[in-house]
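Number of protein chains: 2
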Amino acid sequence: MKKDKIVIVGAGLCGSLLALRLAQRGHEVSVYESRPDLRKVDISAGRSINLALSDRGFKALRLARVDEKARELCIPMYGRLMHDIEGNTFASSYSGREGEYINSISRQDLNALLLDEAEKHENVSLHFNSKCTHIDIENTIAHFKSYETEEEFAVNATIIFGTDGAGSVLRKSYYLERKFLFSYSQEYLTHGYKELEIPANAEGMHQISKEHLHIWPRGKYMLIALPNLDGSFTVTLFLSYEEGTYNFKNLTTEEAVTEFFETQFPDALALIPSIKDEFFNNPTGALGTVKCSPWMYQNKTLLMGDAAHAIVPFYGQGMNASFEDVAIFDTILDEFEGDWEIVFKKYQERRKKDTDAIADLAVDNYYEMRDHVANPLFKQKRKIEMDLEKNFPKDYYSKYSLVTFNEDIGYNEALEKGRAQDKALLNLIADKEVFTSENMTIEELQIILEKVKEQTNEILQEDKIAGLS
Amino acid sequence: MKKDKIVIVGAGLCGSLLALRLAQRGHEVSVYESRPDLRKVDISAGRSINLALSDRGFKALRLARVDEKARELCIPMYGRLMHDIEGNTFASSYSGREGEYINSISRQDLNALLLDEAEKHENVSLHFNSKCTHIDIENTIAHFKSYETEEEFAVNATIIFGTDGAGSVLRKSYYLERKFLFSYSQEYLTHGYKELEIPANAEGMHQISKEHLHIWPRGKYMLIALPNLDGSFTVTLFLSYEEGTYNFKNLTTEEAVTEFFETQFPDALALIPSIKDEFFNNPTGALGTVKCSPWMYQNKTLLMGDAAHAIVPFYGQGMNASFEDVAIFDTILDEFEGDWEIVFKKYQERRKKDTDAIADLAVDNYYEMRDHVANPLFKQKRKIEMDLEKNFPKDYYSKYSLVTFNEDIGYNEALEKGRAQDKALLNLIADKEVFTSENMTIEELQIILEKVKEQTNEILQEDKIAGLS
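These protein sequence lines are chains A and B, in that order.
For the record, in the first sequence the residue sitting at position 442 is 442 according to the working numbering, with numbers rising by one throughout.
For the record, in the second sequence the residue sitting at position 225 is 225 according to the working numbering, with numbers rising by one throughout.
If we strip away everything but chain A, and leave its shape as in the complex, we get (with noise of 0.2 Å):
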């Protein structure tokens, strides 16, 4: 066994990962959480949270072995389906490519598998109901408060990992304290959001189709809808706060929902059989992402996971981002294990950059999915990347694809190679200069190919010289 004592602090999806890949490491961890142990207790009150679970992800999770046993948990989505306001369906794929596809995967089913198989390591210990409530992350002493006993602790670390999600206390700590310059930022949207349900028919089974992401986008707001394995869905209300007709500070009334509903989401309300209890009784959760530099303290702490770069949902990307920060520092690791302080370093050296992308892409597809997916630019262009991703697998993958599928590359890679081909194919369409039709010949296909590379190229290099890259 290794001798440094190594706390981690939280034991989300995030923290169970990290603990479990570094027992298998051979390291000494204690975990402590501040919610009670979700294998025992339904933190949920009964609703099923689910996220999606995708290519980055599995990598970290086959890098501790657990991937295959995540599958079994997994329900996948092909693709984006539709629905208009007079109950009409679309589908869109997410990749023109066979086997790319997302996976709707239960975040309690998940976090318990990770926290089963971290538990089988002898050098691991879980501490439930402690909730931290100081790091002194000069003397790496985390204190805690138990929520069984009242009493207050003290943890002594060689190093402490802050995997504490979006309101982490190492991170408060850092910007409390003052110890050096620590750059930070919190950007909440207009939006906020809202949990509600579909249950399963009579019969147990889902009563719209399991294999898809399912959104109802209306430009100022949205519903969204993904599979659980019990044959339920779980819907998602995305809704300004103050602005426009509808907003959470108006919705008020019974009435009021009910006519938003039935006037917006004709087909959504039938299924959704509990919409006033649990528009009235669920929390409206605010949607933000967090920055911050730098996330280590000397050769003593480090935060991952939301705790150092939480996102907004938008892109289906942040537990992968944090099952990638597990897979990116265990190959620093590989390199540099022995020095804390460089490891911290050259972790946050290869992964700011990454972090910061999906950040912002997050963001962006947030107005792609409430405004652009209605617009008639970004159908031609979507139906156009489709042909291009199922005649050209290996020569064209669309901004959505290198984010989600292609787990070799960087966020921020593919934020600078996805902005600018789409950016030259939404321009291309806009100029005429390329068309789409129901039967595009190979032919066809290969000029539209070849404009969209050269005008990419172009976008880059421009950029380029202009020092905007």
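None of these hints come from the bench; they were simulated from the model.
If a hint is listed, it holds; no wrong ones were tucked in.
For chains that are exact copies, the list does not tell them apart, and a pair is met inside one copy or across any two.
In the DSS-like style, the derived pairs of lysine-lysine whose C-alpha atoms are separated by at most 27 Å in a straight line are:
#1 Lys-353 - Lys-291
#2 Lys-345 - Lys-220
#3 Lys-451 - Lys-432
#4 Lys-464 - Lys-451
#5 Lys-179 - Lys-249
#6 Lys-291 - Lys-220
#7 Lys-131 - Lys-172
#8 Lys-220 - Lys-179
#9 Lys-291 - Lys-179
#10 Lys-346 - Lys-220
#11 Lys-172 - Lys-291
Given the coordinates of chain A, work out where chain B should sit on it, guided by the hints.
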């Protein structure tokens, strides 16, 4: 007299101009400042700190009818004078038009002028040595501690303005009280700064040209110098904290500092007699950008100036942006006075995109001043732009001119147009589609002007189609 009781926290440049202008509009205004009265105590400890005052600042000063008095404190600077490592100098005008220049002005003298003018109004009261400790935003009560009596006291107000600078107590109250979703960012550069002095010569005269802002650009670090009325220059060294061969962390001995200046800034070193004292006794300042939103809480409090949007100094616009805040606020008052909540909301709607823009432009210029001024592409661009401004004074405005000398357009418009224009011109030069030489004919320049305009519009159009603007 209007009946609202207005409290302004912070009697710096923004707070004192705001107090003056609100007093002119008939408001009762109480101003509280943590520092002593700078008209009675020399708080800069013998150092003359100067700033760049330009057209946006003057526009606001004109509104308050103090522009002419301010003009008397100014030293015009018509361009940059670059000093290379061999001691050669190269001038670069700020504009090709007549009468466009920036001004070096003493922070203390200008602040004193504004306090004097404010104090002439019987509806203004000034309170120094009063440190704001906390603001109860719900009840609009500001809490202070007197540095003279050590006593704590509270002031009730109808409205509280926080013009208390980058470390604003009002902004901190927003962040810590969590009464609303507060988007907030503080972003530090990897460089810090240190002020030094070139004294006047024995005759009390400037030792180098006082008509220029002097720059010693060296890639990873630089010196700049601005003239003072007493014949001295305030010199500022911008240097990395930790990176590169020379940095603040390793320049810890007199030998190291001397070697750094002897090899990198020999001509400047010869003019800074007290370099050793100053380097080790003057503080190292941090360079940070602060953005936040919302600036207001209901109809009760408002952040203005650096408290709302601190920026790095590389565009010489910090003070100008804060003064412009007061001018914009005044136009909003003209329209909506009587309902503070609406006034605050409209003010932020109108102003936020512009202060975000100048923050980003200032960071751009940090890289441009350090790196690009020595880049041949940038030098050609600058030469062409001077020729265009000189020959087509009403048709061409460089990004610098748009930001600095076009006070009737907002910073955001200057940013969007200026960046597109820079990108167009740099790419035209790189692609050898435009050339420059010593004596360009008006016909040659006319062709360049048309090309730049066409490319600029195309860039803006392409960005728009891609949803990037």
